Amino acid sequence: MPLLEVNNLEVCFGLRSGAVKALRDVSFTLERGERLGVVGESGAGKSVLGFSIINLLSRPGHISAGNVNFEGKDLASLAPEELRSIRGNRISMIFQDPMMTLNPVLTIGVQMVECLQAHRQISTSDAKRIALKRLQQVQIPSAEKRLDQYPHELSGGMRQRIVIAIGLLLDPDIIIADEPTTALDVTIQAEIMDLMLNLCEQNNVALILITHDLGVVSQVTQRMLVMYAGRIIEQGPTKEIINDAQHPYTQGLMNALPQMAIPGQKLNQIKGTMPPLQNIPTGCSFNPRCEYVMDICTKKLPPFTQSGNCLVACHMVADSQHGPQQEKLRSEEV
Amino acid sequence: MIAFFVKRFFQAVVVMFVISLISFSIQDNLGDPLRELVGQAVSEEERQTMRDEMGLNDPFLVQYLRFAKKAVQGDLGNSYFFKKPAFEVIMKKLPATLELVFGATIIIVLFSVPIGVYSAIHPEKWFSKTVMGLSIVGISIPVFLTAIGLIYLFAIELNWLPSYGRGETTSVMGFWETGLLSADGLRHLILPSFTLASIMLPLFIRLIRAEMMEVLQSEYVKFAWAKGISPRRIYFVHALKNTMLPVITVGGVQIGTMVAYTILTETVFQWPGMGFLFLEAVNRVDTPLIVAYLIVVGAIFVVTNTLVDLIYGLVNPTVNLAGKK
Ligand SMILES: Nc1ncnc2c1ncn2[C@@H]1O[C@H](COP(=O)(O)OP(=O)(O)OP(=O)(O)O)[C@@H](O)[C@H]1O
Ligand SMILES: [Mg+2]
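Chains as they are written, first to last, in our numbering: chain U, 24 to 357; chain B, 474 to 798.
No wet-lab data here; the hints were simulated from the structure.
Among these hints, one or two may not hold up.
[Claimed, not checked] Keeping only pairs whose Cα atoms sit at most 20 Å apart, straight-line, the calculated EDC-like set for lysine to aspartate or glutamate is: (1) B:K556 to B:E753; (2) B:K695 to U:E54; (3) B:K543 to B:E561; (4) U:K96 to U:E64; (5) B:K695 to U:E105; (6) B:K695 to U:D120; (7) B:K695 to U:E104; (8) B:K565 to B:E630; (9) B:K714 to U:E176; (10) B:K714 to U:E54; (11) B:K695 to U:D236; (12) U:K262 to U:D236; (13) B:K542 to B:E526.
[Stated by the list, open to error] Pulled a few chain B residues facing chain U out of the computed Cβ check, cut under 8 Å: (14) A476; (15) F477; (16) Y693; (17) A699; (18) R706.
[What the hints assert, rightly or not] Rough simulated footprint, nothing fancy, chain B against chain U, three-plus residues with beta-carbon under 8 Å: (19) 138-150; (20) 215-221.
Since we're looking at a predicted model, the values are computed, not measured.
Ideal Cβ placement from N, Cα and C applies to all residues, glycine included.
Let's have the full structure, built from the sequences with the hints guiding it.
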């Protein structure tokens, strides 16, 4: 049984202009100790997905369908108090901007100790000892001194190390890291990323890594999800997707990578922009930008089709698997 | 810390100088003090000699310098009406006013914090919506109407509380007449305090609610939820402390302003404080007393603002009181 199993998850934001679906029919699994990458354009719903796993969507967002199975419990419908015992304890999160994540009026020590005491019956001095050990693990110089310092006394990189230390405090099963290095100085991004990956590996923590950076995903994750307009349009082993992307959108993302470009040529950007959630086109939401668009793409939502070890939501892929008539159509286009 | 106080002290000196200059210069426009001082029978020549003796005919600057020289020694001149040092007369009434402001402050804090916090946490509950509606109405009701309403209900109809005066007072350390130590004094304090508080209470509720709602949206509160911290701790440790930072700054200034608002409240409730005295002084064109009042109120402003900055610095770790901004 997988560690985490998300089934047909749907998230709505009940706005005045009618409910908007930020996630539609999202299903995936996560194994113990596995590293899963989540990629997609800005606004694709990556952060919403991260927060909906621990059911921490800010109003008016809420899970409107589906379930999140973790240790035999459905987090999408769990009572608040039980949910609280899982957050920060079994599943923890690392946010994007370390300058905003820590409370400015509480010391680092207080913010670490409270987390331990929220989940364990433990004395303050014992909690401090554990906190100190974690700070040393994230390689913070003179860790002891840091416990009494306030966030504003520390640099961004230092703060993100502390956030990582907080994430690891209770030996969680899963860490959800939402663009953990994007807000940091470029020179320390790789350092922090390596630190986080190493610690996850050492402690056998499964990692959901949300990022824009396909390069990082291809290097460090075992499986990946590609999101577009609130749906997972392709998922599977990272190697397979990187080497042989099936969905035209994923192919576009790969071609836009600098590594893929022929030197001297312009990068191949996918033309157009992702539609706003209020007016997602009928059929496949990628159809206005797709160069292989077919009649059916504007009418019917593509089903998830197995292709190799990947699941792809694309009519073209579905047809190439099931119907020979598509071969013809494809050759016509070429 | 010392640097902070030195800086504050010089700021206070400048502020007091400006206040004294303004209050001294308006006294010419208040009317002729001689009309009150002497009867109708005194002839115009005698009046002129009296004016000369009192220095009222000297150029403004000369008059001001004479005044300022004495003022720095604590001498603000003699009240024309009481024939006693104006400063002394004011200081005798200071305890009554400060206790009124104190009572109102306690009421404001006691009500605005829980109500503001609750309606920020549960904005969709009918209680919060009612409070928001009422607070708009509350802001627009004039003070004297609130006072009359309270007197009518609690003093006349129900006969629970006294409607005028301070009641029994006790002398503390020889110079402070307090009404806080006797049941009778406290009972007298209730209606005036609520009246005075009524001006600021809706404002504070709205301010606390707005700040709290903003803080609850912040990333660090979201992170606290993600850590599995109990809602209680999130609301009262993580959010409230950050909410109170801007509230302290705004609130401190408002409490200073309340000293000025006491004039109305004290008049309605015949409260023997500075505000009541000030109104009488204006009627009698008792200029030294008027000037003394303005200067004392100015000093109270300066002191409260310093205290507010001090408290703010203690609560906010990012503020370094020792200097460098
Ligand atoms: N509280 C909210 N209320 C309404 N809509 C929201 C809210 N939070 C997110 N959304 C919408 O949900 C969609 C997905 O947002 P999300 O933050 O998950 O994107 P993302 O993939 O994380 O983008 P980025 O890469 O920029 O972080 C966006 O269209 C956003 O407008
Ligand atoms: Mg995001």
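**Asked** Out of the numbered hints, which ones does the structure contradict?
**Response** Violated hints (numbers, rising): 2, 4, 8, 10, 11, 14, 15, 20; every other hint is consistent with the structure.
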